[in-house]
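Take the given structure of chain A and dock chain B to it, following the hints.
Chains A and B are the protein sequences, given in the same order.
The numbering of the first sequence is the numbering used here, which starts it at 1 and goes up by one.
The numbering of the second sequence is the numbering used here, which starts it at 1 and goes up by one.
Relax, there's no trap hidden among the hints.
These stretches of chain B come out as covered by chain A in the derived footprint (C-beta under 8 Å, 3 or more residues):
1) 5–12
2) 133–144
3) 162–169
4) 214–222
Rather than coming from a laboratory, the hints here were simulated on the basis of the structure.
Don't be surprised by glycine CBs; every beta carbon is placed ideally from N, CA and C.
For reference, the chains in residue letters:
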Amino acid sequence: MWLVEMEEVSYTYPGSTKSALDGITMRIPKGKRCALLGHNGCGKSTLFLHMNGIYRPHSGTLNWNGEPYTYNRASLAELRRRVGLVFQDPEQQLIASTVEEDVSYGLCNAGMLEAEAVRKVQSTLARFGLDDLRERPVHHLSLGQKKRVALAGVMVLRPELLLLDEPTAYLDRLHTHRLLEELEAIHQEEGTTMLMATHDIDLAYEWSDWVFVMHEGRLVLEGTPDEVFAKREMLAEMRLGVPLLFDVWDALGPSLLPDVTERPRTALELKSRLERYVIENKRKMR
Amino acid sequence: MSIQLDTIAYTNRLRHISPGQKLLFGLGMLAFVLLAHTPAHVAVFVWMSIWIVGYANVPVRTYMSLIGAIGVFLALSLPPIMLEISHHPPAEPAIFHFVAGTWYLYVSMNGVKAAGILLLRSLSSVSCLYFILLTVPFTEMLAVLRRIGIPEILTDLLLVMYRFVFVFLETVGQLWTAQQARGGGRGFTGKMRDAGRLVTRLFTRTLQRYQQLSIGLAARGFEGELRVISQVPVSISKRYATEAIVGSVLLVTFEWWTGR
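Bound-form chain A, shown alone:
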């Protein structure tokens, strides 16, 4: 049921007086696409680094699949293969000099046989549309391409949990759209559990099955997107706001289509609801 469970986890950076994580309790449901909302510096990245065992909590516990985290060498290596982390800045995780070599890096660390690793690298490159860039050195790529390579380098290991730190930061609409399509395909094909840190509430509303809201190192809200965004006062207090579509539907929905209970999550869904309203209305007019 839960992939990762965090109980009362606290962490303070050395030399800082304020806790980055302040007794946070959080459970990641298996197989879901989760969004983690919060302002810059609310502890999202610190949380991620705890989930794949790079930081150890100062107090509190973490469980993976019901088993407590152990921090010896072998289990950490295993954990990091199962938890893929895609950083906000791809430069932070690209290490080898060509695209193909970089994608193979994680596989080599996992100690995979060369023949099998080569096969996996090939299929992953094809899967992420990186075939043409195989031999290109990483520093010749654009930001969008680097992000794709970083994601490919993580996904080649088929992690069970994919952590995405602001994956759409600095990306234009086209590349954001492409990235979301890729994530959708991964979710469909492999059923990977995903946790995306973002401050784009519209994106979180459209994309996620489950929403976490963090504020000052604590988990303050969680639930389905509809449940979370219905708590307007709380969100307003944290100055996070409510997705535009949510607002639009609140203004239109109850008066136009009072019998529709499911809210539209994308602009397309909103359009189809409104079209239905227009058709029904014409029928009534006749």
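This is chain B only, laid out in the frame that chain A set:
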């Protein structure tokens, strides 16, 4: 400039020839240049230029500007070799001489000859080095080093340094552009002050980068060793090997014949 060199190394027409073959040829020619005499130097320079521009298809303009850059450097170092200052009048035939009080300043025939020999020797060895730089990507050079038994720790360090050169250059570029955009770099003192600030910022940024990269590596399961799989199809080209061997034999014969 280093980015351009790197791009060419990855895109030139000899890319798919075994890096070992190219390195062996380049280094072999370099060793030959160090032993040979002037006529052979000219021959090596011409031949290497044919390899670089003709076979590897490096744009002539790029190659000329590379040679030009070295040329300027060499030209600046020649005058001290030609020019001689002495208390006594020149004993050897001088092309030009100038008397200042009790001092004689002159350029001798022998000095000019020595400078010419040095210039040609430098240019031909530089052409061998450019051949290696322009046709063998750095990563493949590392692979060759690893194969001949250089310890992994050294090749790993070189790889990380190589990656960082580009991150570093990009950061310098960004900082510099930001300074210009904010109206920096006015006048000589302003430029100096800005350069100082740039270096300070660069230092902190580099340390941050280093920290980020070590977290990034840990997240990808770093186990103390940077292993990747390199799958670029390379082959030993018979045609080029034949030309290299025949040419080298001819050069050695030529050197033996002229150097007697």
